[in-house]
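S.K.: On the provided structure of chain A, position chain B as indicated by the hints.
Number of protein chains: 2
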Amino acid sequence: MELPKNLNIPESEKPRLVIIGGGFAGITLVKELHKNDFQIVVIDRNNYHTFQPLLYQVATGGLEPDAIAYPLRKYVKQFGQLYFRLADVESVQPEKNLIITSEGILNYDFLVIATGAKTNYFGNKMLEQFTMGMKTIPEALNLRSLILQNLEKAIVTKDPTERQALMNFVIVGGGPTGVELAGALAELKKFVFKEEYHDLKMEDMQVFLVEGSGRLLGGMSEKSALQTKSFLQKLGVQLMLNCKINDYDGKLVHIEQNNPIPSNNVIWAAGVMGAPFAGLEATQAKPSARLLVDAFNRVQDHENIFAIGDVALMKGDTKYPKGHPMVAPVAIQQAKNLSKNLLRISTQKQLMAFAYRDQGSMATIGRNKAVVDMPGFHFKGFLAWLVWLFVHLMSIVGFKNRLATLLQWFSNYVNFNSALRLIIRPFQPQKPKIDG
Amino acid sequence: MELPKNLNIPESEKPRLVIIGGGFAGITLVKELHKNDFQIVVIDRNNYHTFQPLLYQVATGGLEPDAIAYPLRKYVKQFGQLYFRLADVESVQPEKNLIITSEGILNYDFLVIATGAKTNYFGNKMLEQFTMGMKTIPEALNLRSLILQNLEKAIVTKDPTERQALMNFVIVGGGPTGVELAGALAELKKFVFKEEYHDLKMEDMQVFLVEGSGRLLGGMSEKSALQTKSFLQKLGVQLMLNCKINDYDGKLVHIEQNNPIPSNNVIWAAGVMGAPFAGLEATQAKPSARLLVDAFNRVQDHENIFAIGDVALMKGDTKYPKGHPMVAPVAIQQAKNLSKNLLRISTQKQLMAFAYRDQGSMATIGRNKAVVDMPGFHFKGFLAWLVWLFVHLMSIVGFKNRLATLLQWFSNYVNFNSALRLIIRPFQPQKPKIDG
Numbered sequence: 063m064e065l066p067k068n069l070n071i072p073e074s075e076k077p078r079l080v081i082i083g084g085g086f087a088g089i090t091l092v093k094e095l096h097k098n099d100f101q102i103v104v105i106d107r108n109n110y111h112t113f114q115p116l117l118y119q120v121a122t123g124g125l126e127p128d129a130i131a132y133p134l135r136k137y138v139k140q141f142g143q144l145y146f147r148l149a150d151v152e153s154v155q156p157e158k159n160l161i162i163t164s165e166g167i168l169n170y171d172f173l174v175i176a177t178g179a180k181t182n183y184f185g186n187k188m189l190e191q192f193t194m195g196m197k198t199i200p201e202a203l204n205l206r207s208l209i210l211q212n213l214e215k216a217i218v219t220k221d222p223t224e225r226q227a228l229m230n231f232v233i234v235g236g237g238p239t240g241v242e243l244a245g246a247l248a249e250l251k252k253f254v255f256k257e258e259y260h261d262l263k264m265e266d267m268q269v270f271l272v273e274g275s276g277r278l279l280g281g282m283s284e285k286s287a288l289q290t291k292s293f294l295q296k297l298g299v300q301l302m303l304n305c306k307i308n309d310y311d312g313k314l315v316h317i318e319q320n321n322p323i324p325s326n327n328v329i330w331a332a333g334v335m336g337a338p339f340a341g342l343e344a345t346q347a348k349p350s351a352r353l354l355v356d357a358f359n360r361v362q363d364h365e366n367i368f369a370i371g372d373v374a375l376m377k378g379d380t381k382y383p384k385g386h387p388m389v390a391p392v393a394i395q396q397a398k399n400l401s402k403n404l405l406r407i408s409t410q411k412q413l414m415a416f417a418y419r420d421q422g423s424m425a426t427i428g429r430n431k432a433v434v435d436m437p438g439f440h441f442k443g444f445l446a447w448l449v450w451l452f453v454h455l456m457s458i459v460g461f462k463n464r465l466a467t468l469l470q471w472f473s474n475y476v477n478f479n480s481a482l483r484l485i486i487r488p489f490q491p492q493k494p495k496i497d498g
Numbered sequence: 063m064e065l066p067k068n069l070n071i072p073e074s075e076k077p078r079l080v081i082i083g084g085g086f087a088g089i090t091l092v093k094e095l096h097k098n099d100f101q102i103v104v105i106d107r108n109n110y111h112t113f114q115p116l117l118y119q120v121a122t123g124g125l126e127p128d129a130i131a132y133p134l135r136k137y138v139k140q141f142g143q144l145y146f147r148l149a150d151v152e153s154v155q156p157e158k159n160l161i162i163t164s165e166g167i168l169n170y171d172f173l174v175i176a177t178g179a180k181t182n183y184f185g186n187k188m189l190e191q192f193t194m195g196m197k198t199i200p201e202a203l204n205l206r207s208l209i210l211q212n213l214e215k216a217i218v219t220k221d222p223t224e225r226q227a228l229m230n231f232v233i234v235g236g237g238p239t240g241v242e243l244a245g246a247l248a249e250l251k252k253f254v255f256k257e258e259y260h261d262l263k264m265e266d267m268q269v270f271l272v273e274g275s276g277r278l279l280g281g282m283s284e285k286s287a288l289q290t291k292s293f294l295q296k297l298g299v300q301l302m303l304n305c306k307i308n309d310y311d312g313k314l315v316h317i318e319q320n321n322p323i324p325s326n327n328v329i330w331a332a333g334v335m336g337a338p339f340a341g342l343e344a345t346q347a348k349p350s351a352r353l354l355v356d357a358f359n360r361v362q363d364h365e366n367i368f369a370i371g372d373v374a375l376m377k378g379d380t381k382y383p384k385g386h387p388m389v390a391p392v393a394i395q396q397a398k399n400l401s402k403n404l405l406r407i408s409t410q411k412q413l414m415a416f417a418y419r420d421q422g423s424m425a426t427i428g429r430n431k432a433v434v435d436m437p438g439f440h441f442k443g444f445l446a447w448l449v450w451l452f453v454h455l456m457s458i459v460g461f462k463n464r465l466a467t468l469l470q471w472f473s474n475y476v477n478f479n480s481a482l483r484l485i486i487r488p489f490q491p492q493k494p495k496i497d498g
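Protein sequence lines, in the order shown, are assigned to chains A and B. Sequential numbering from 63 applies to the first sequence in my numbering. Sequential numbering from 63 applies to the second sequence in my numbering.
Where hints are given, some of them may not hold.
Because identical chains cannot be distinguished in the list, a pair is counted as satisfied if it fits within a single copy or across any two copies.
Cross-link-like lysine-lysine pairs, in silico, BS3-like; alpha carbons within 27 Å at most [to be verified]:
| # | residue 1 | residue 2 |
| --- | --- | --- |
| 1 | K76 | K256 |
| 2 | K139 | K220 |
| 3 | K180 | K93 |
| 4 | K136 | K256 |
| 5 | K306 | K402 |
Calculated from the structure, these hints are not laboratory results.
Extracted from the complex, chain A is given alone in its bound form:
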């Protein structure tokens, strides 16, 4: 099959702006620029935008995927005759102003790379093969299936060692994802599993949270970290700080200077890295694989290629010498700033450097339990939890998604309970490879 020219996008008098990635950065840019003189093309390998901060709730059955995903074609449509293409971008050819995708090639006048981040296994192939990631909806659904399948297996096994491995949940990484997942699992045990698995000794279920540094939530205040520690301990989570995972073969988690933990459920939330693609290797920072950009989010050495959000590494900001945190507010603010700069380019005005306004950060640990850091002060508990709920609810794209989320949360809160325990697609764990 011959590939079509420009993915069947018609020629236009307007300059063509190609945005790769429909995450927070990509969709913000579309919204800001749609009224202006660009032919906008959005490309994503999925046909939906994912609200990543709530993926852990999909994994633990608190929300269904439709609550946190929004169809990109529907999003784009509301702004008029914009173009969406479902495709995997394989490489960029900057000298020809061209990208190569799974569905054909596409010329651009301006290219914005907003491909986000992917899980970082730091080169360990075993961890990549045997642990569960948490960066996409299919991964979250796989994790949900695995948790439920392994409890069903625990009921029917004769072997007590095997049963314990099926009931040990090891979460690696004490950032927001790890903390929120550990809290949600501990609450599932307490409020749901104990009742529903009446013929399984639920006290045997253990949730371990393993963190390499000496504290949780490295990006937040010391107060929040300590409060989170106390919340998690009250929920019965086994905290292992200053612990480094050496390896995992699908059965035993090897931890430096500790006895190995038998577990069939290891979740890797210990690192992310940029997700760029071939053709821009020269501008990739080592080892995070993020694209080096200047203060205007322009990719190093390229006049008309920009990178925003998690995939971009801007080093000039003195407050963030190692680059900005890989979080949604940075992506959104960079998209807004870039939208202004793209207009300034067309009117030949001087570009405006990006400056990050930190609006605070937060994490939730469970029912009525959250921590919030605002510039200058910190609070915790029920109020923090309400603020967390409200901010997340309002950040979800689409009124219908917001309503669905609110209703599911309300029902979960009232019933101490989430009803979404469906193993729609059973997950097939990989078998350990046998050498020789």
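M.R.: The following block gives chain B in isolation, referenced to the frame of chain A:
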């Protein structure tokens, strides 16, 4: 790994009643019998009950899976210390009162087979390989992904023949599933796709409904059939009555005495058959593979094995000489009758023969369009559509599911639109095999 005895279900003084299958028949039996002196064990290969009549809405994005699925463990729990096991039943050994499952063996005192029906391809391996089934939630989700993926592909292809094949939807079988799916697809084209795929010539999308007999909805009245035909024609569905599919190779649908239709989307809703398993071959009717039962739903030649619902074939009813229709009301009524008979067996009373009370049947074709046959009269249109909505809503298991369904329907009705167009797991169509 050694398999556990009796799937780790403790010994009991009560007789053990094993129910295979958590469909309408299985869950009704649980509800009717839970107060009585049986140790009840429910086995299913899924951990959820599926409300099958609405699967076509999952396939066409009108509902999410959580609206029509209910966790079996949660269902069983509400009735007390009953047992649920997630397992695939492989065979029955009636002489030993034993079943063999993927997770171990299990003894029974009474066995009830309620495994329902599976798709019948009438022995055609090509149809089985290349058409899409519609009997399970994963199948419905695969179909949803395929529809959306193929429209995305239609946008980027250069080849007009390939584009038409991607936009031709062929539904085989004019029963309720085929009719409802054809109507839903035609409405998606009209209300949703035309707007969202502004750069695709949506008039080219065609929905074909192919039926072997001379009329639609064979189980309903002639009036309903004619009305349905007229509804579908108004929606632009191409009806092909008296047409028999000979073969399909993934690209061309070969229809007797017709030109082949190029299509990448063929949905098989033309037949179902029983879904029994090894060990009961002698009692399987040919060719439907249903288990032959007497008037008490007792499987031929077995004192303590019963079959209810789609999998059972009861021939004695003079009104239904070929057996009862394979629909939910039969399954539910047989389960209720069997529950009484199981109690009569323990008190050594005479058993009561099953008698089916036909409460009518209905089908929906689209927005405000449905047909209802009640014993003695027929009605159609908006009122029929409201009745259809109400009856289906009330039949869904679980208050939360009912609420979710109602809200999703309300939102779809108001917006002429279903927002659930997410390709969460891309479907990989099989490649045609090359001979030689």
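S.K.: Broken hints, numbered, in rising order?
M.R.: When the structure is compared with the hints, only number 5 turns out to be violated.
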